[in-house]
Amino acid sequence: MSIKIKEGKFKDRVTDEMKNDFMRKAVSGAQDSLGNRRLTSTDKLGDWESWRTAGSEIRKHTIDNLVHYLSMLSEQISAKGGHVYFAETDEDARNYIKEVVRNKNATKVVKSKSMVTEEIGLNTALEEIGCEVVETDLGEYILQVDDHDPPSHIVAPALHKKKEQIRDLFVEKLGYDKTEDPGELAKHARKMLREKFLGAEIGITGCNFAVAETGTICIVTNEGNARMVTTIPKTQITVMGMERLVPSLEDLDIMVSLLTRAAVGQPISSYVTLLNGPKAEEEVDGPEDLHVVIVDNGRSKILGTEFQDILNCIRCGACLNVCPVYRHIGGHSYGSIYQGPVGAVLTPLLDGYDDHKDLPYASTLCGACTDVCPVKIPLHDLLLKHRQEIVEQGGRAPISEKLLMKAFGFGASSGGLYESGTKIASVSLKMLLRNKETISNGPGMMKEWTNSKEFPTLKTSRFRDWMSKHESEKKHEER
Amino acid sequence: MKARKNMKKGNVQNREHFLSRFADRVQEGVPAKRENKVKPISSIYNLLEKESIEDVFIGNARTIHAETIRTNTENLTEVLESICENVAKDQILSSIQTDNEKLENWTSKRTVQWTPQDGNQNVITAAQSRIGITYCDIALAESGTVVLMNEQNKGRSVSLLPEVHVVIIPKSRIVPRLKEAMEIINGRVNRADSFPTCVNFITGPSNSADIEFVLVVGVHGPLETIYVLVEDE
Amino acid sequence: MRVTLFSTCLVDLFYSNVGISTVELLEKLGCEVDYPKGQICCGQPAYNSGYKKDAKTAMKQLIKTFDDAEYVVTPSGSCALMLREYGHIFADDEKWAARSKALSVKTYELTDFIVNVLGIDSIPSTLQGKAVFHTSCHMTRLLGVKEEPKLLLSNVEKLEMKPLANAQNCCGFGGTFSVKMGDISAEMVQEKTRSIQEADVDYVIGADCGCLMNIGGRLKREKQDVEVLHIAEVLNRGMGV
Ligand code: SF4
Numbered sequence: 001m002s003i004k005i006k007e008g009k010f011k012d013r014v015t016d017e018m019k020n021d022f023m024r025k026a027v028s029g030a031q032d033s034l035g036n037r038r039l040t041s042t043d044k045l046g047d048w049e050s051w052r053t054a055g056s057e058i059r060k061h062t063i064d065n066l067v068h069y070l071s072m073l074s075e076q077i078s079a080k081g082g083h084v085y086f087a088e089t090d091e092d093a094r095n096y097i098k099e100v101v102r103n104k105n106a107t108k109v110v111k112s113k114s115m116v117t118e119e120i121g122l123n124t125a126l127e128e129i130g131c132e133v134v135e136t137d138l139g140e141y142i143l144q145v146d147d148h149d150p151p152s153h154i155v156a157p158a159l160h161k162k163k164e165q166i167r168d169l170f171v172e173k174l175g176y177d178k179t180e181d182p183g184e185l186a187k188h189a190r191k192m193l194r195e196k197f198l199g200a201e202i203g204i205t206g207c208n209f210a211v212a213e214t215g216t217i218c219i220v221t222n223e224g225n226a227r228m229v230t231t232i233p234k235t236q237i238t239v240m241g242m243e244r245l246v247p248s249l250e251d252l253d254i255m256v257s258l259l260t261r262a263a264v265g266q267p268i269s270s271y272v273t274l275l276n277g278p279k280a281e282e283e284v285d286g287p288e289d290l291h292v293v294i295v296d297n298g299r300s301k302i303l304g305t306e307f308q309d310i311l312n313c314i315r316c317g318a319c320l321n322v323c324p325v326y327r328h329i330g331g332h333s334y335g336s337i338y339q340g341p342v343g344a345v346l347t348p349l350l351d352g353y354d355d356h357k358d359l360p361y362a363s364t365l366c367g368a369c370t371d372v373c374p375v376k377i378p379l380h381d382l383l384l385k386h387r388q389e390i391v392e393q394g395g396r397a398p399i400s401e402k403l404l405m406k407a408f409g410f411g412a413s414s415g416g417l418y419e420s421g422t423k424i425a426s427v428s429l430k431m432l433l434r435n436k437e438t439i440s441n442g443p444g445m446m447k448e449w450t451n452s453k454e455f456p457t458l459k460t461s462r463f464r465d466w467m468s469k470h471e472s473e474k475k476h477e478e479r
Numbered sequence: 001m002k003a004r005k006n007m008k009k010g011n012v013q014n015r016e017h018f019l020s021r022f023a024d025r026v027q028e029g030v031p032a033k034r035e036n037k038v039k040p041i042s043s044i045y046n047l048l049e050k051e052s053i054e055d056v057f058i059g060n061a062r063t064i065h066a067e068t069i070r071t072n073t074e075n076l077t078e079v080l081e082s083i084c085e086n087v088a089k090d091q092i093l094s095s096i097q098t099d100n101e102k103l104e105n106w107t108s109k110r111t112v113q114w115t116p117q118d119g120n121q122n123v124i125t126a127a128q129s130r131i132g133i134t135y136c137d138i139a140l141a142e143s144g145t146v147v148l149m150n151e152q153n154k155g156r157s158v159s160l161l162p163e164v165h166v167v168i169i170p171k172s173r174i175v176p177r178l179k180e181a182m183e184i185i186n187g188r189v190n191r192a193d194s195f196p197t198c199v200n201f202i203t204g205p206s207n208s209a210d211i212e213f214v215l216v217v218g219v220h221g222p223l224e225t226i227y228v229l230v231e232d233e
Numbered sequence: 001m002r003v004t005l006f007s008t009c010l011v012d013l014f015y016s017n018v019g020i021s022t023v024e025l026l027e028k029l030g031c032e033v034d035y036p037k038g039q040i041c042c043g044q045p046a047y048n049s050g051y052k053k054d055a056k057t058a059m060k061q062l063i064k065t066f067d068d069a070e071y072v073v074t075p076s077g078s079c080a081l082m083l084r085e086y087g088h089i090f091a092d093d094e095k096w097a098a099r100s101k102a103l104s105v106k107t108y109e110l111t112d113f114i115v116n117v118l119g120i121d122s123i124p125s126t127l128q129g130k131a132v133f134h135t136s137c138h139m140t141r142l143l144g145v146k147e148e149p150k151l152l153l154s155n156v157e158k159l160e161m162k163p164l165a166n167a168q169n170c171c172g173f174g175g176t177f178s179v180k181m182g183d184i185s186a187e188m189v190q191e192k193t194r195s196i197q198e199a200d201v202d203y204v205i206g207a208d209c210g211c212l213m214n215i216g217g218r219l220k221r222e223k224q225d226v227e228v229l230h231i232a233e234v235l236n237r238g239m240g241v
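Protein chains in written order, with my numbering: chain A, 1 to 479; chain B, 1 to 233; chain C, 1 to 241.
Heads up, a few of these hints could be off.
[As the list claims (entries may be wrong)] Each computed SDA-like pair below joins lysine to any residue, with the alpha-carbon atoms no more than 20 Å apart:
| hint | chain 1 | residue 1 | chain 2 | residue 2 |
| --- | --- | --- | --- | --- |
| 1 | A | K187 | B | E163 |
| 2 | B | K8 | A | S71 |
| 3 | A | K357 | C | V179 |
| 4 | B | K37 | A | E250 |
| 5 | A | K60 | B | R25 |
To be clear, the hints were calculated from the coordinates, so they are not data collected in a lab.
This structure is a prediction, so every number in the text was calculated from the model and none was measured.
Just need the whole structure built from these sequences, with the hints factored in.
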């Protein structure tokens, strides 16, 4: 997998996905139940706004001083015995990891959840050199078993699936014979995966936060799979985006407090694991070798631009969980491993506008994402910036729209032109209306509206005409 | 600083070129010591003025499906015995460092003890055990969390592979929240000769919300967590 | 007090009754309403589609028009928000920075103005029946005007306000979104009208004509017997002259 997961046009994907009732029920149900959980947990923490402010300051400071903190982090990891590789591209990262695996003569790989490994297409690369790569996060595992169905949510990748579908999948592929109860399904996955863990030679993890001052890798999970991956295999490879760090353990407290509440409405997740280098010689479990791969893959291009704030993202998924557009179109419509508002901002930055220019328009700019983001990324503003960028770069916006907007700027530039323009509009609308009260079947762009809704009529005259009369009546009265 | 015994420094590759590509687009040099302008304060501290820290801990542990049994140093082994009733010695793995003689005697009599000299056999034992018993380093009242720092005699697998995880929690080790725990860990991590290579914050049994965002208990780690809270003062 | 009305294009073209109610209401509350004819659209449709340059042309016209106003009041949370943004948009433009900022500062959404500038939180008006209030996103989240309309509606006699499920979710209007992404917009508004149906009310009240046009258009298509009203119309009803 790479960033882009689906071919074709955005609108076609949306049309397909919106027919998927399973997905839509799953997504809206999840949004509704999670919303309450999140609010309860943030209320309990006290003044949530001050936590968000602190979180956004930490992230901004870190990104502003990225060279310093990345140097420090790599020094610290190496001082604790870990190896660090700085990968400029996805290919660099894949090659380094393949090399590590080859040197170990290993073929059995277990992975805990990591978006960046999806981004760099790591699984396929390792499979090509003869490895068996097993995803161990329950959601990722379900997708892997389902012939690599793409993820539809950055935190709950299998969110688009109803439990009944998962049951059928397990019955077909994993010899399962119980009900669709999520607990029972999870237990079965546990049994299947236990074996894989115990035989694994290489463990690959993502990284929620790396702590620059101490060289600590922090991994946050609920299932405990990341603990498995970092306990049993003798070699651990941690892959992280170059922006995923915080200065100190003190800062880590704030970031973890924000992350688990925003993501799943819990004060902390079941497991927060801090790893400081490989295991010590006298210890028994844990990796003998630790490799940390720090990946750029397009991120550094964002530094210093209007979009820099998106690098503050901690991948909590809260913006997806409140997005009214995501609610209806689901994750797959975005055609990217990053979905929802964060995906609509990030995907075009990492993978270009060519395949993703529709994403910034998949928003009403309602601001729900900005409001919920635990690190205060102005997501809806960034979507708007993309639109400006798309228009200004030229050649990407539809010509009819461009002309319309030009006319708008021209017509709106003076009251007089607007005056005559709207008069014409009102006359032509009247013609459309004929004797009807509303328009049910409009032409051109209006059709997008009238497909589902009535378009209003002009009641009598324009407001400004009434106002002129009203003003002269007033004057008259005064006299 | 004295480095840890036998520890080799790791390699760092391609750092200079990597950083040079964007150095001009971020701040140069070492940032001034930063203070957060806003210092967020958890409302847990208000709660702790009204309720005892152990009550808050137990209450929050309940919400994450961890049962807590309260006892004192005197009766600790009896409580452990009652938890382990009818479970054979080879089904119980413990990794506890303690000066409490009675506890030490009990663990050697009733449990298989984590033994570094036996190497990987420990992990195999853990995978086959029903119960794993640990002794926590820190506990967090706000979330009902226990913190285990893994070192030589404290294996990572004990709290992970058995079906039931039993944690002994001395009352004196409960702190309000993550913040205090990070301060303690910070003190330990910077000791170059003996830092914990792995620190686990564990909050109840493992769970997942990956199917329809419904929380299910027990995925890869333990299916059940039992806290034994010991009045140690 | 002299207030300058910014009527917005939707009101001017489609909802003259909302404009009329706004003027009558403000006058009854003791204001003298001024209406400069040079006013046009706030530029939001172009701005939110990414056409910053074209939008700025419209914005400059509006800035000029409202230079002399003391307060600019508009019966739309969304348009008020746009005017409040002018200060940021022209921040780097020496010629326009001060003037745009001045306009941003003196612009108010209608209920915000009534409650926070005029200091009135109860207006003698009557509406018989049950209603839900549609919290529009721009007004509630981005402009931060949340409680004011609810406060005013809570004091309308004979009116019973009911909760609306998922009230926080956008109705799917989003300006040009509704014609650019018509299919998605349709699904969004249908969920909204379903919630309205479940609430079992006589009226949907809102403070933004864009949302009301969207929701009303769908209700009409579904032939739901629910009347869509702008809050200015409600507050102006049954209010003695
Ligand atoms: S953009 Fe904000 S809300 Fe969305 S995933 Fe990132 S941190 Fe979470």
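- Are there hints from earlier that the structure breaks, and if so, what are their numbers? none
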